[in-house]
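K.L.:
Chain by chain, the residues:
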Amino acid sequence: MKKLINDPFEFVDETIEGVLLAHPEHLKRCGGSKRALMRADGPVEGKVAIVTGGGSGHIPVFLGYVGPGLCDAVSIGNVFSSPSPDDMLAATKAAHGGAGVLHLYGNYSGDKMNFGMAAEMAEMDDIEVATVLATDDVSSAPVEEIDRRRAVAGLFFAYKIAGARAEEGAGLAEVVEAAEQAAFATRSMGVALTPCTIPAAGAPTFEIGEGEMEIGMGIHGEAGVRRGEIVPVDDVVDELLGHVLADMPFKAGDEVAVLVNSLGATPPEEVYIMYRRVTAVLGEAGIAIHRSFIGEYATSLEMAGASVSLLRLDADLKRLLDAQAYSPFLPRLGA
Amino acid sequence: MDTLSSADLIAFLTMLTEEMPGHSDRLRELDAQFGDGDLGITIAIGMKAIRDALPELEAEEPGVILAKAGMAFNREAASTFGAIFATALMSAGKQVRGKPEIALGDLPGMIEAAASGVSARGGAKPGEKTILDVLLPMAAELQAQVAGGAALADGAAATHRACGEALEATKSMEAKHGRGGWFKEKSIGIQDPGSTAICLMMDCFARFVAG
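Going down the list, the sequences are from chains A and B. Its first residue numbered 17, the first sequence is counted upward by one per residue in our numbering. Its first residue numbered 3, the second sequence is counted upward by one per residue in our numbering.
Note that these hints are calculated values from the structure, not bench results. Predicted, not measured: the structure shown is a model, and the values here were computed from it. Hints are supplied without guarantee of correctness; some may be wrong.
As the list claims (entries may be wrong) - Pairs of lysine-lysine residues, derived as DSS-like cross-links and limited to a Cα-Cα distance of at most 25 Å, are as follows:
| # | chain 1 | residue 1 | chain 2 | residue 2 |
| --- | --- | --- | --- | --- |
| 1 | B | Lys96 | B | Lys70 |
| 2 | B | Lys70 | A | Lys50 |
| 3 | B | Lys101 | B | Lys127 |
| 4 | B | Lys50 | B | Lys127 |
| 5 | B | Lys178 | B | Lys188 |
| 6 | B | Lys127 | A | Lys50 |
As the list claims (entries may be wrong) - Example chain B residues on the side facing chain A (calculated, C-beta under 8 Å, incomplete):
| # | residue |
| --- | --- |
| 7 | Gly39 |
| 8 | Asp40 |
| 9 | Ala80 |
| 10 | Ser81 |
| 11 | Thr82 |
| 12 | Ala85 |
| 13 | Ile86 |
| 14 | Ser121 |
| 15 | Arg123 |
| 16 | Gly124 |
| 17 | Lys127 |
| 18 | His179 |
As the list claims (entries may be wrong) - Coverage of chain A stretches by chain B, computed from C-beta distances (three or more under 8 Å per stretch; other residues unrestricted):
| # | region |
| --- | --- |
| 19 | 97-106 |
| 20 | 316-322 |
Glycine included, every Cβ here is placed at the ideal spot set by N, Cα and C.
Starting from the given sequences, assemble the full structure and let the hints guide the process.
P.N.:
Right, here's the structure in full:
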């Protein structure tokens with residue numbers, strides 16, 4: 017293991033310390049909680065609060081999605097592990113601006129169970145809580161079992177859309193509806209080239225041969241749909257988009273937003289080469305690109321690989337996608 | 003020992019928190035075969051959290067001690083197992099709310115409540131290689147022991163045996179939940195790590211009540 021770290025067991029807390037020191041005008045702790053952060057200007061009175069959270073190791077997921085037009089607070093777990101319900105509750109209470117709270121996060125069992133406990137505790141404090149889960153990874157279960165699917169980088173679109181709706185002053189039910197629409201209209205698939213190493217574990221999460229890639233692998237190294245010899249990137253994009261396009265299915269005349277995401281170790285150059293091919297494939301399929309996002313939106317420590325996500329747009333989703341939002345972790349968001 | 007008072011329960015939890023971290027390596031190895039290998043660390047951290055919480059629980063009734071021990075575990079060792087274990091203890095504790103002591107006759111209802119709490123929290127059904135697959139056979143055995151008029155120590159010993167058999171049966175099951183669920187048929191042949199932890203706890207309980 018070759019990492020720029022101190023004690024591996026301090027990895028998460030030292031990351032949070034660094035983030036807070038770098039962005040004090042943007043983020044603050046939720047009360048005394050070590051593992052819950054919120055907008056520096058929060059709670060925003062009268063606005064539906066969006067609370068997210070999950071394991072560490074994926075920046076900008078999750079804490080990088082806290083900001084105006086995005087989420088209000090985040091709870092932070094150990095690397096690839098759920099946060100505790102206490103930290104989720106701390107984030108929920110601190111962010112609550114009197115208009116209810118949306119718990120918006122990825123469909124993972126530990127997060128789901130702990131957020132479930134936190135939601136029950138928040139309700140005992142008379143805070144109305146609703147939940148929406150992102151399930152964009154088409155490789156993780158067949159479309160008939162969409163509620164078993166994992167979330168990957170497409171979670172970004174759910175944050176962007178729900179965050180914009182809340183910022184518009186919509187009520188909890190309307191923010192839930194927007195989040196559900198975005199979650200349903202987003203489909204992703206990734207490819208992994210090398211594993212990552214959880215600092216406290218010290219060994220790679222999985223093994224993969226020098227000349228191999230795995231199509232459909234999850235952001236914690238979960239098994240994908242196919243492992244094989246690495247091929248030119250255009251062929252990789254064709255395979256990923258083949259699965260993604262067939263899943264909705266996306267059709268000629270559709271308008272989409274595109275996200276090409278690096279998992280951490282894959283350089284921007286390679287992601288732009290992927291994007292070049294994405295535009296060609298979508299052009300051929302008669303699908304128009306409204307807006308594109310290229311870079312690191314959901315990483316997996318130093319894993320090499322990338323994912324492609326598509327969000328199918330309608331007029332409402334377009335307006336919400338284009339609305340202003342800000343986070344120091346993201347290059348460009350909306351107008 | 004016929005019943006468990008708050009002091010007895012705290013003595014048992016103290017014994018449990020001393021013993022369980024010793025099984026960390028074995029649980030980590032089991033879990034690493036089809037999970038992410040964090041169960042050993044989770045048990046070690048969570049048991050220490052219970053241990054640290056016990057001094058403040060001495061004045062509480064047994065049901066509250068169980069519930070708060072579960073919450074303490076998951077506060078420090080949040081995870082899938084942490085949430086499940088906390089839910090089990092909270093559900094079992096609720097079942098004996100208001101009672102100053104726990105008798106053998108209370109245990110079937112407590113374990114059943116734990117099983118339905120776990121099922122509601124995680125969405126698992128029997129046969130899907132989760133701790134439900136040891137909890138339900140334990141509840142059934144306890145029911146039979148109560149019906150047969152067994153003493154607490156004998157009932158606990160028989161339940162530990164039933165738990166061991168149920169654990170063995172998890173080997174042939176295919177995991178459907180959590181990280182294990184993504185390994186599908188590769189999980190067959192390995193006993194469920196979470197159920198293994200429950201069985202080790204039941205062993206500790208049986209020895210504790212035997213004195």
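K.L.:
Let me make sure I understand: some of the numbered hints might not hold for this structure. Which ones are they, in numerical order?
P.N.:
3, 4, 6, 14, 17, 20
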